[in-house]
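Peer 1: What follows is each chain in one-letter form.
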Amino acid sequence: ASGAYPKRVKVVEVGPRDGLQNEKNVVPTPVKINLINMLSETGLQVIEATSFVSPKWVPQMADHTEVMQGIQKFPGISYPVLTPNLKGFQAAVAAGAKEVSIFGAASELFTQKNINCSIEESLERFEEVMKAAREANIPVRGYVSCVLGCPYEGKISAAKVAEVSKKMYSMGCYEISLGDTIGVGTPGSMREMLAVVMKEVPVGALAVHCHDTYGQALANILVALQMGVSVVDASVAGLGGCPYAQGASGNVATEDLVYMLNGLGIHTGVDLQKLMDTGTFICNALNRKTNSKVSQASCRL
Amino acid sequence: MGTVPSALKHCLSYQHLLKEQLWIAEPPAAAHPAQEPQASGLPEYIKIVEVGPRDGLQNEKVIVPTDTKIELINQLSKTGLPAIEVTSFVSSKWVPQMADHKEVMRGIERHPGVQYPVLTPNLQGFHSAIAAGATEVSVFGAASESFSKMNINCSIEESIERFEEVTKSARNMNIPVRGYVSCALGCPYEGNVVPDKVAEVSKRLYSMGCYEISLGDTIGVGTPGSMKKMLEAVMKEIPLSALAVHCHDTYGQALANILTAIQMGVAVVDSSVAGLGGCPYAKGATGNVATEDVIYMLNGLGINTGVNLCAVMEAGNFICTALNKKTNSKVAQASFSTGTTN
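These protein sequences, in sequence, are chains P and E. Oh and the first sequence: position 59 is 59 in the UniProt record's numbering, straight run, nothing missing. Oh and the second sequence: position 267 is 267 in the UniProt record's numbering, straight run, nothing missing.
Just so you know, the hints here were simulated from the structure itself, not pulled from any lab data. Heads up, some of the hints might be wrong.
Stated by the list, open to error - The calculated lysine-lysine pairs, modelled on DSSO-like cross-linking and capped at a C-alpha distance of 30 Å, are:
#	chain 1	residue 1	chain 2	residue 2
1	P	274	P	24
2	P	7	E	236
3	P	155	E	326
4	P	167	P	98
5	E	197	P	7
6	P	289	E	283
7	P	98	P	87
8	E	78	E	326
9	E	197	P	274
10	E	229	E	149
11	E	326	P	24
12	P	10	E	228
13	P	155	E	47
14	E	149	P	289
Quick caveat: nothing in here was measured; it's all calculated off a predicted structure.
Sequences are here, hints too, so could you generate the full structure?
Peer 2: Listed below in structure tokens is the structure:
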């Protein structure tokens, strides 16, 4: 129930990658670089910079090499990039990446539709990346999608999430980010899923990546924190809609998350005002309104 | 919103919907043991108090005609909601949106088992409400002196005296009175509000005969941290079963705050269909938490509310069309989009 909360939470900022990748408008490379540089000044320790996938699949990330090479790399800040396969990994390292991420899923159908193979096959692909990363001393973060529901399969069993998470952890991922990809989870399903996953992966290696499509994100994150999770993914200004529910929102907004953590007395190291300023910058560049309620509210306390 | 959204078309044949619309189905009758609310210390049943027709419409820019208000309330009466705040017997000089309070009160269908409370700021309003057929009333206090002065032009103590007149008359007529405490987690004028002050005002309202105290985060600035501290102070003075939370979502914290409250045993939650009602203190910001989003969360926790989520979304769609605005409910937004492939 409502026991003690972690004293510190690491916020993983996914706006420049997950956020921008799921926005209608594409921003030019200098804007992306400026976004990441501004985020680097907010106190965030981890900023997901880009994705080394083929521009055929993800045109918004076509400038991955330029972005990676163009950003200021502040000491103490990590700039992980997505690498779907060995080729992407090699391109990432050549461009200066020092940390990479791989994406699995707890749903066979989702994996089929998304990357055209089975979960097992996707993990075999990743094994190549893990091997190369090990040799190059590059840490790898693992993502598991659809942990609380799948747009194709519907309900997802917690056991399946635990199975995939365990495999990725055993392969060498230092952290597993559990993603509620379509935001259908509730504190009930979050608790149930985590209880099962925590039997296979130590809680210190777990992160939650909640989408706010059904408005449940902060409540779900609260439950995760209560269960000992201390790493939370979020996207500045709540960038990134849901590709499975047209017009609906996606990522939870970093500002709203930090506001909640501040209120709980949990240390994040993040300067909320600088974060809001960064959100304002990117929303202007995207010509859209923020999805962060904290940003929208003009009440000052 | 001209054409009927596809999710809504499904809603119209409610029976079919339950099996098809995966994410907004009713909770299973026999909950999975791991999810049983009692096992996790949560209430088994939560009473939802629907404030859309009053708090919601009062804070909307567009004023809707009396017929629309009546239709909204009638639709809400069919959703399973146990309490629907209908209108406010205040002078139309102050709150023009509620000028038709008598007509609304007299015009609505009264479903058995549903309460229809109305706001009564003073004895005059109370008498007027009773004459129009009201069988439950509410009084509004605040935990902040500045807010009380700016809002109702008197001190907290003076407002309490006014309310005592109401509760005295109400007691004589066997009319239940609900008490609201505004600014429970922060005030637009004073900033921080001390939990003990909230407890003190709550205790005054409870002692004078209010059967329930609804603690309002009027500007939505609260967080699970401040909610917990405030409730701990209030729970020293008021029995848990007499407490409700009225959270605003201005800073996106409402559901997390409500979750915190229910984890502490609070079993009454106020909300507004479609999240009607912006924040009068933060231009353009949202206000009330959306009933749909609350129910979605409670369903997911295996908590019984008696409310049909789909029917609420229908009512939400109706009133948003009438107001010519988009819903503030994320559940409604997600369900009315092209949605899942099937």
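Peer 1: Residue 10(P) and residue 228(E) were given as a pair; does the straight-line alpha-carbon distance stay at or below 30 Å?
Peer 2: holds (23 Å)
Peer 1: Taking 30 Å as the top limit, are the C-alpha atoms of residue 289(P) and residue 283(E) close enough?
Peer 2: holds (15 Å)
Peer 1: Quickly compare the C-alpha distance for residue 155(P) and residue 47(E) to 30 Å and report which way the hint goes.
Peer 2: Distance ~28 Å between residue 155(P) and residue 47(E) Cα, so the pair holds.
Peer 1: Hinted pair, alpha-carbon criterion (30 Å max): residue 7(P), residue 236(E). Please report holds or violated.
Peer 2: OK: residue 7(P) and residue 236(E) at ~27 Å, within 30 Å.
Peer 1: Hint check: residue 326(E) vs residue 24(P), CA-CA at most 30 Å. Holds or violated?
Peer 2: Given that 30 Å is the threshold and the Cα spacing comes to 20 Å, the pair holds.
Peer 1: Has the given pair, residue 197(E) with residue 7(P), been kept, meaning a C-alpha gap of at most 30 Å?
Peer 2: Holds - the C-alpha atoms of residue 7(P) and residue 197(E) are around 28 Å apart, at most 30 Å.
Peer 1: Would you mind confirming whether the straight-line C-alpha gap from residue 229(E) to residue 149(E) stays at or under 30 Å?
Peer 2: At roughly 26 Å apart (the allowed maximum being 30 Å), residue 149(E) and residue 229(E) satisfy the hint.
Peer 1: Would you check the hint for residue 167(P) and residue 98(P), treating anything up to 30 Å between C-alpha atoms as holding?
Peer 2: holds (23 Å)
Peer 1: Check whether the Cα positions of residue 274(P) and residue 24(P) lie no farther apart than 30 Å.
Peer 2: The hint holds at about 25 Å.
Peer 1: For a C-alpha distance cap of 30 Å, please report whether residue 197(E) and residue 274(P) respect it.
Peer 2: violated (33 Å)
Peer 1: Given the hinted pair residue 98(P) and residue 87(P), is their Cα-Cα distance within 30 Å?
Peer 2: holds (16 Å)
Peer 1: Given the hint that residue 155(P) pairs with residue 326(E), test it: the Cα-Cα distance must not exceed 30 Å.
Peer 2: Given that 30 Å is the threshold and the Cα spacing comes to 29 Å, the pair holds.
Of the hints listed earlier, those the structure fails to meet are numbers 9 and 14, in rising order.
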